[in-house]
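Q: Residue numbers (the working numbering), protein chains in the order written: chain Z, 1 to 311; chain A, 1 to 290.
Simulated from the structure, these hints should not be mistaken for laboratory data.
Quick caveat, the model's predicted, so the values are computed rather than measured.
For every residue, glycine included, the Cβ atom is placed at its ideal position computed from N, Cα and C.
Some hints here could point you the wrong way.
As the list claims (entries may be wrong) - Covered stretches of chain Z (in silico footprint by chain A; criterion: 3 or more residues with CB under 8 Å from a CB of chain A, positions within the stretch not fixed): (1) 38-44; (2) 102-114; (3) 254-266.
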Amino acid sequence: MATFGTLSDRLTQTFSALRTKGKLSPADVDGTVREIRRALLDADVALPVVKDFTGRVRERALGDEVNKALNPAQQVVKIVNDELVTILGGEQRRLQFAKSGPTVIMLAGLQGAGKTTLAGKLAKWLKNDGHTPMLVAADLQRPNAVQQLQVVGEQAGASVYAPEPGNGVGDPVRVAKDAMKVARDKQHDVVIVDTAGRLGVDAELMKQAASIRKAVDPDEVLFVIDAMIGQDAVATAQAFQEGVDFTGVVLSKLDGDARGGAALSVASVTGRPIMFASTGEGLDDFEPFHPDRMASRILDLGDILTLIEQA
Amino acid sequence: MAERSWSLGGALRGLFTTPVVDDEMWDDLEAALIGADFGPDLTDEILDHLRSEVDRLRITDPADVKRLLRETIEERLAAHDPTLRLSERPAVVLVVGVNGVGKTTTIGKFAKFLTGYQRSVVVGAADTFRAAAVDQLATWAERAGAGVVRPQQQGQDPASVAYQTVERAIADGTDIAIIDTAGRLQTKAGLMDELAKVRRVVEKLAPIAEVLLVLDGTTGQNGVAQAQAFIEHAGVTGLVITKLDGSAKGGFVLRVQQQTGIPIKLIGQGEGIGDLTGFTPHVFAQSLVP
Ligand SMILES: Nc1nc2c(ncn2[C@@H]2O[C@H](COP(=O)(O)OP(=O)(O)OP(=O)(O)O)[C@@H](O)[C@H]2O)c(=O)[nH]1
Ligand SMILES: Nc1nc2c(ncn2[C@@H]2O[C@H](COP(=O)(O)OP(=O)(O)OP(=O)(O)O)[C@@H](O)[C@H]2O)c(=O)[nH]1
Ligand SMILES: [Mg+2]
Ligand SMILES: [Mg+2]
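For reference, chain Z alone in the conformation it holds in the complex (with noise of 0.2 Å):
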């Protein structure tokens, strides 16, 4: 991408300007600042979270352990990225299993966010580690999306419990509810709920995930996250935050180029935890998140505390 490496230049710039003086005086760390700014917002991070984390960064940058530090411009660099990837891995965990009964995985998210998808790739990488998970199809509202899992859970060699023809006929809480008992009649370990892409600002939709939810007792409710996102994260994030108390965070379509600016967004605003990043269309492009390869990604700090290293 076009834009991708500015930020690595204009630091290693300003950085290099500062070298010779060994002491960053507030009005270079004000100009520092300024630069991650425009970087996190040009990554699409949120503004408020930008706020934030340059306000943390500016008090870090000027206390004494960039003054003592031998290379004050690196010691600066370092800190950033330490933030970002606090942020970022803040909690990092697991999947969380039921102790007894089978563990319940829910699944939510915007439109188009790649549920349906994680929903078989979920099921794949559990088959594999010896479990038994079962699909459920409990969006019955997108055209055909019944189907679309049935094909999925194929491709995954998993069972799908899809009593529902979908397209606006039949009620996806009463599925839910019921495929509890089919899970266990039939022993599966795992169940996995795919549900219809929903807007934050539907109240109406928002409630029946939480009927959903209330339905199944879920062990994670994973919210599913376009790593393209804009701005919008953080509301969209907070209003399934309120609607449904999500326990984790997939980032889809990382094998793009955005530079995912979002993660940091939802990270730093639901405390949740990232737990997956979602890289592909096939079923095998799944795995667990990685918060300095995503911190990299969102800033393309790596290449400067090179850089820094070698001026």
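Fit chain A with the ligands to the given chain Z structure using the hints.
A: Then chain A with the ligands, alone, in the frame of chain Z:
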């Protein structure tokens, strides 16, 4: 009209009711534009423009700044002609975009819009990749009263499905042929080449009237990269912005229009078959800055 959730109304409320034009007003305005996904560069550009106008016209009332903002946005949007070109017979429309933005849904709505005007429509399921994509398009075609051309076998070459769709439109004397394609990220070279091939193959039969790039209204600055790549590989002639029924403001489309010169032609505002409208710069600007 009720204020739409994607309007800047909320972000601007209170902003222009302050008695004077001061730093705080400018800061708040900057926050509103950034928050609406205009991006830092375009935000600066718009603010610089407004500041110089405020100086030049000696504006002191924030309400006038708001009017200026609306006019600026409208002017930029109106620099391009949003008219759909569908006069050829058949008029072939190719619909492209990244994954999950609303291509198939838009085709359903658009087909219904056209059949509502007594145009005959056939849609082609050239997304032979995604699970149940063909069935999804067929469902929409049925709702819209349009014909559908399905692949003859699983995983058939998308270009050949597109070809067969246009072939059928010609044979049946159908007015408009709309071709659905699989979502693809603009960074996937092989998949972008596939689109170029679909174009080439279709053009053996008939010229392509419109190539519509669907952009998700919730997208951030990556929307610009999407537009550039699809313009290069698929020869985009118009933009469709979807999901503007949510709380995202879609400000990135201004950047897209400005950098590419490609007009917005349609707006999607919901999952229902009637939730599609043409694009009117005045209405858009008025809704964004009420
Ligand atoms: N490139 C890429 N595409 C993805 C990824 N995850 C999902 N997709 C694609 O994105 C599109 C939407 O994915 P779905 O799984 O249908 O999304 P959804 O959230 O279930 O959508 P709705 O049910 O309509 O709300 C499809 O074309 C998927 O193939 C990913 O990580 N990378
Ligand atoms: N709220 C809202 N949802 C929309 C709109 N347009 C499409 N959708 C939803 O977005 C999701 C994806 O729509 P599709 O039409 O399948 O998108 P696509 O671009 O064809 O997706 P792929 O073929 O998988 O790349 C579905 O759940 C649609 O119902 C819109 O304007 N508003
Ligand atoms: Mg789905
Ligand atoms: Mg589609």
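Q: Work down the list of hints and note, for each, if the structure agrees.
A: Each hint, compared with the structure:
1. Requiring three or more residues with a Cβ within less than 8 Å of a Cβ of chain A, the coverage given for the region 38-44 of chain Z holds, as 5 such residues are present.
2. Evaluation of the coverage hint for the region 102-114 of chain Z: fulfilled, as 5 residues show C-beta separations to chain A shorter than 8 Å, against a requirement of three.
3. Here's how the region 254-266 of chain Z fares: 7 of its residues keep a CB closer than 8 Å to some CB of chain A, so the rule of at least three is met and the hint holds.
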